[in-house]
Every structure is written in structure tokens, then in C-alpha cells.
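Since the structure of chain A is provided, determine the placement of chain B on it from the hints.
Protein chains: 2
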Amino acid sequence: MAVYTQIPAEEMAELVLQFDAGKLISAKGIAEGVENSNYLVETTKGRFIFTVYEKRVDTADLPFFMAMIDHLVAKGCPVPASLKTAEGAATISHNGKSMAMMDFMPGLSVSHPTQAQALSTGRALGQLHAALKDFTLNRSNTLGLDGWLELAARCGDDLDKIQPGLKQRVADECAFLSANWPADLDKSVIHADLFPDNVLMAGETVCAVIDFYFACTEIRAWDLAVTHVSWSFDPHNAYLADVGEALVSGYDESFGRTEAERAAFSILARGACLRFLLTRAWDWLNTPADALVTRKDPMAFLTRLEHYAAQ
Amino acid sequence: MAVYTQIPAEEMAELVLQFDAGKLISAKGIAEGVENSNYLVETTKGRFIFTVYEKRVDTADLPFFMAMIDHLVAKGCPVPASLKTAEGAATISHNGKSMAMMDFMPGLSVSHPTQAQALSTGRALGQLHAALKDFTLNRSNTLGLDGWLELAARCGDDLDKIQPGLKQRVADECAFLSANWPADLDKSVIHADLFPDNVLMAGETVCAVIDFYFACTEIRAWDLAVTHVSWSFDPHNAYLADVGEALVSGYDESFGRTEAERAAFSILARGACLRFLLTRAWDWLNTPADALVTRKDPMAFLTRLEHYAAQ
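Residue numbers (the numbering used here), protein chains in the order written: chain A, 1119 to 1429; chain B, 1119 to 1429.
Pulled out of the complex, with its shape left as it was, chain A reads as follows (with noise of 0.2 Å):
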């Protein structure tokens, strides 16, 4: 949550020239997003968001995301709209740092959804898996089944430090999801971090889905699991049935579901909830504790998994 590349208004003027978006009237820093800095510019042609990648986003990895982004909004679906340079690129290279300017897009982050925004989303993520059908590219997910077995493993022993037992826990986990994967299922390019952030809503409506920098290939309906681990739950972690129901049947009106993919749904959402407590629990272990990123808490996730463990 922070502008970690501070540029001066001079050189900002100078970067958003580059992508012909006319001359620059305002630009603050936001602090949003972990991965990158931001900024919300408006030049005499409109809004935009002003990017520039920081290390945790690869920039090799940053031609898929602009050709989803790209394809996602030639689709019509509710995704900013990346500018482009005279010469076509998406991105720009200054200070040894790749930048990309998208339209702003209106719309609030809900942190409590309703049961009405949930729908809304479940159908906006089935509008983006019904787009993403024919787009050809793939990036391979890094946190998928194997990432957790070995981001588990460099945890170790300190996941016990989080909180006593949990070491153990977590390796049932990893062996129960090893033993049941639906590695069968149909795989796609999909968003993998559908988060209540990552949503713009005007009222009870989406307008935008953002933030595609963990997009990958993989089992396409994971990618609803990890929308209903995230959206389906109160402040304290108990379950709102109405709110993942709501989410669930948005995506099956848009896009549906298989059989096998119903089936395995408890087994999805239980390695969406092993993701976050794992990468949770790493920053949680890395991250001093006085540092002024808010570190997440870990923990918030092993409940959340028992949850769907339960079923």
C-alpha cells in the first residue's frame, strides 16, 4: 500500500506523452495495490491509472497480461482499457522500469459485500471466462498445487510459530489435495485473485474487474473457488451462505459449471484457502512486525478451509 517509485510531475508529464494521452493536469500517487505503484493521472483526454511495475510483477510475464487485458476488453468485458504508444507498445521502459497507463475506471471496493454484489460478480467472472475461451496464451501458475507443497516445505518448522499445530495441519492438507486434485478439469487463462478489492462496483453492480498480475492457466473453476473463498465470509471468518450462493449462481447463469466441476467444488475452495494461509503465513514469517505494510493475517484462511473441509 504505497508509491514505492516517486516520479515528479515533470517527468510524469514527459511518460503520459508517450502514450498519447494529452497534456498532464493532475497526478497523486495512490496506495493501492502491493505489487505496484500507482497513479491516478488526468491529462486534458481524461483519467487514467499510470503504472509502474515493481519486482514482485516479471516483467517478461507483462505481454500475457496486457494481451488478456486487451483481449478481455475487445470481448466487452468490464476491464480498463490499456493505451498504447505510437509505435503499439503497452508498456514503456524509463529508469529501468516498465510502466502502462490504463483508463480509470469509477466504481468502490466493498469490503462487506451483499448478496446482490456477489451475483453481479459471479456473472462478471463468468463474462471473463467465456472471453478467455479462444485467447491462446497461457502463463503457468506458479501458485498452484505444486508452488503450495513447496512454499509449505520453506515455511517449515516456523508455521508452528504462527500458531502451534499448524505445521502438521497444513501437511494433511497438502497430502489430501495431493491424493484428490481434479487435475482432469478443463484449464483455462483465468484471474486467480478475484478479491473484494479487485472489484469495482456502482452500487450493487460491477463495473470493473482489475488487477490481473496473478493471472495464469489453470483449472478454470479454481478461479471460482478462489472468488467464493474470498467474497463468502464475515469479518470473523463464519460462512454467508447467501453471499456465496449469490456468487455461485451468477457464474453458473453466465458461464455453468460441468458435473465433475461441482463435485470437486469443496476440494478447489480448499486449496484457494491453503493458497493465501500459505503465501499469507510466508509474508507473515518474512515481514517484521513493525513494518508498515499491514501484514495479513494467515491464520483468517485455516478456518476458512475447514469450512469447506467440513462439507
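Hints should not be assumed to be uniformly reliable.
When chains are identical, the list treats them as one kind, so a pair holds in a single copy or across two.
Said to hold, decoys possible - Listed below are the simulated DSS-like cross-link pairs for lysine-lysine, each with C-alpha atoms no more than 30 Å apart in a straight line:
| id | residue 1 | residue 2 |
| --- | --- | --- |
| 1 | 1279 | 1163 |
| 2 | 1141 | 1163 |
| 3 | 1173 | 1414 |
| 4 | 1285 | 1163 |
| 5 | 1141 | 1202 |
| 6 | 1141 | 1173 |
| 7 | 1141 | 1215 |
| 8 | 1215 | 1173 |
| 9 | 1305 | 1215 |
| 10 | 1251 | 1279 |
| 11 | 1173 | 1305 |
| 12 | 1141 | 1279 |
| 13 | 1414 | 1163 |
| 14 | 1414 | 1215 |
| 15 | 1305 | 1163 |
| 16 | 1193 | 1163 |
| 17 | 1285 | 1141 |
Please keep in mind that the hints were generated in silico from the structure rather than gathered at the bench.
This is chain B only, laid out in the frame that chain A set:
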């Protein structure tokens, strides 16, 4: 440069209603202001900056700041107007914190001011001083001469950790300023922190002066000195005569100075340099080197001080 108080969208929608600011459309935390948390919000009534006052602003001072802003707006100065609640209050209290909402002002904070931008800034500062002549509230300057002496004593021997010999140089300067401070010059409420980041420009013209949270009752001509020491040097702290002279002539044109104020200029500027040298030194000594907040180099203001001392 961070958002210390995270406000969920649902809560923000309620808060802006208290300012009769319409229905919330968008809210982005902005990475500006080391003192407060700021959001750029868009509603059905326009764009605004929503500020949460954090601990470095004494809430007892808020009525002074808000009355000053209202006074300047009423006099036609380029200052963002503050919204009022139905009861006419300029601030609200929520979760134990004071909050205010002001018009969003377009414009860019420049990093390398041009001569024309300095001229416009000098004029704007004179316009503020003219408008404040009949402003009747007062706030004492905790960062005036007495405050510097106290801060120098608190930094103590640690000043030499920043640079060997700094303690003695500061002591000499404190002695010089104590003996020569032009305490009989006219006092007034002043901005006291008109650095380039507190001025928004459209091209070469000031469109807004912002951030009044150091405003206080002080020698009026010291405000021009603070502006001069913060605008008229390049990134290597070499004096930019054309910028410095343009600033002063803009001020003289719109407000003017007495002979005594002109004669005292370099002493006032030395005081301004010492003020920023000492507050930066204090922050430097009390901020871990690996903290996410940027520590500002105190030595920049020693180099600038020596420029004025050599005159």
C-alpha cells in the same frame, strides 16, 4: 506518504453524506501528506479530498485551520473550500478521529520550479498575506526561534552522528539568530510551509495553495523566507538566482515589503533553513533507516543556510 486510516467503502459512503456531498462513486487513498491520511473521492456532486487527521495534527488546532481556509476562500484566494455538515461544522468525528472534506483542486506540484512558476507563487503568497491582514485568530508557532533552540538541545550530541561538527555549527547559528532575530517585524498568520509540494500549478500559474497545517502567527516576512529557501535551489542545493528573484518580485508586486523586512531577509532565510534542518535532523535520528517513510536529508538545509550566511 501513506494512508494510516483505512476506511471501507461502505463507511466512506456514510461519511461523505454527513458533508452533504452526494452519493459516493469512487474513493482512492492517496499517498500524500506525511501528517494525515487523504482520500481522493468522487461523488455525484464532484471531486473532493477527504482528510483523516492523524496524531501529528492537534485536533484543538483544527478550528483555527478551518477558519483560516474559509477566510482565504471568502477573499478569493486559490485555496480548496471546505465542506460543512448540516450543523455548519467543518470537521466530523468518527472512530475517535477528526475528518474534513475539501474541494479537489487540479494542478501539479512541480519538482523543478521555473522562473515563471516562482513568480506566480510569489504573487499567490502575497495574495494570501493580503487576505490574512484582517484574519483575527491566532496560533503560536511551536517551530519558531524558541522551538529551534529547544529542538537543537533535544538532538544534542546526536547531531554529530549526522555529520561531525554539526552540533557546533547549529549552536553557533542558534546564538547568531538569538542575537540578531528581527523580532519587531510585523506579525500575521502565515502559511509557514509553502514548499513546492504545497502549490498546485497549471502550466506556469498557481491554481491552488494547500496544506495549512503548519500555519501560525509569526513574522510575516518569514513566510517569504520559508518559500525562498524551499523553492530557489536545485537538487544539489545550488542557488537558482532567477527562481529566487522571481519569487521575491512576485511577492513584492502583490503585497510588498518594508525596508526593515528587506534588510532582514537573509537572517529570516537562515532561520527558515535552521527550522527545516532541525526538524529533519530530529526525524532522521528518530526514524529507522529501513522504515518505509522517506527520511529527508537534513544536510540539504545546512548547504542552503550557508548560502544565506555568506551574503
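Do the hints match the structure? See the list:
Neither within a single protomer nor between protomers do residue 1279 and residue 1163 lie at most 30 Å apart by alpha-carbon distance, with minima of 52 Å and 50 Å respectively. In this homomeric assembly, residue 1141 and residue 1163 come within 30 Å of each other (Cα to Cα) both inside a single copy, at 8 Å, and across copies, at 25 Å. In this assembly of identical chains, the alpha carbons of residue 1173 and residue 1414 lie at most 30 Å apart whether taken from the same copy (20 Å) or from different copies (24 Å). Proximity of residue 1285 and residue 1163 under a CA criterion of 30 Å is satisfied in neither setting, with 53 Å inside one chain copy and 53 Å between copies.
Taking CA atoms no more than 30 Å apart as the test, residue 1141 paired with residue 1202 passes inside one copy only; the shortest distance there is 16 Å, against 33 Å between copies. When the C-alpha separation of residue 1141 and residue 1173 is checked against a cutoff of 30 Å, the pair qualifies only within one copy, where the shortest distance is 29 Å, while the shortest distance between copies is 37 Å. For a Cα distance limit of 30 Å, the shortest separation of residue 1141 from residue 1215 inside one copy, 22 Å, qualifies, whereas the shortest one across copies, 38 Å, does not. Taking identical chains as interchangeable, the C-alpha atoms of residue 1215 and residue 1173 lie at most 30 Å apart only when both belong to the same chain, with a minimum of 9 Å there against 35 Å between chains.
Taking identical chains as interchangeable, the C-alpha atoms of residue 1305 and residue 1215 are never at most 30 Å apart, the minima being 32 Å within one chain and 49 Å between chains. Taking the shortest Cα distances, residue 1251 and residue 1279 never come within 30 Å of each other, neither inside one copy (43 Å) nor across copies (62 Å). Taking identical chains as interchangeable, the C-alpha atoms of residue 1173 and residue 1305 lie at most 30 Å apart only when both belong to the same chain, with a minimum of 28 Å there against 51 Å between chains. Proximity of residue 1141 to residue 1279 under the C-alpha cut-off of 30 Å is found in neither arrangement, the shortest distances being 53 Å within a copy and 45 Å between copies.
Within a single copy, residue 1414 and residue 1163 get their C-alpha atoms no closer than 38 Å, and across copies no closer than 35 Å, so neither meets the 30 Å cut-off. In this assembly of identical chains, the alpha carbons of residue 1414 and residue 1215 lie at most 30 Å apart whether taken from the same copy (27 Å) or from different copies (24 Å). Within a single copy, residue 1305 and residue 1163 get their C-alpha atoms no closer than 39 Å, and across copies no closer than 45 Å, so neither meets the 30 Å cut-off. Taking CA atoms no more than 30 Å apart as the test, residue 1193 paired with residue 1163 passes inside one copy only; the shortest distance there is 24 Å, against 32 Å between copies.
Taking identical chains as interchangeable, the C-alpha atoms of residue 1285 and residue 1141 are never at most 30 Å apart, the minima being 55 Å within one chain and 47 Å between chains.
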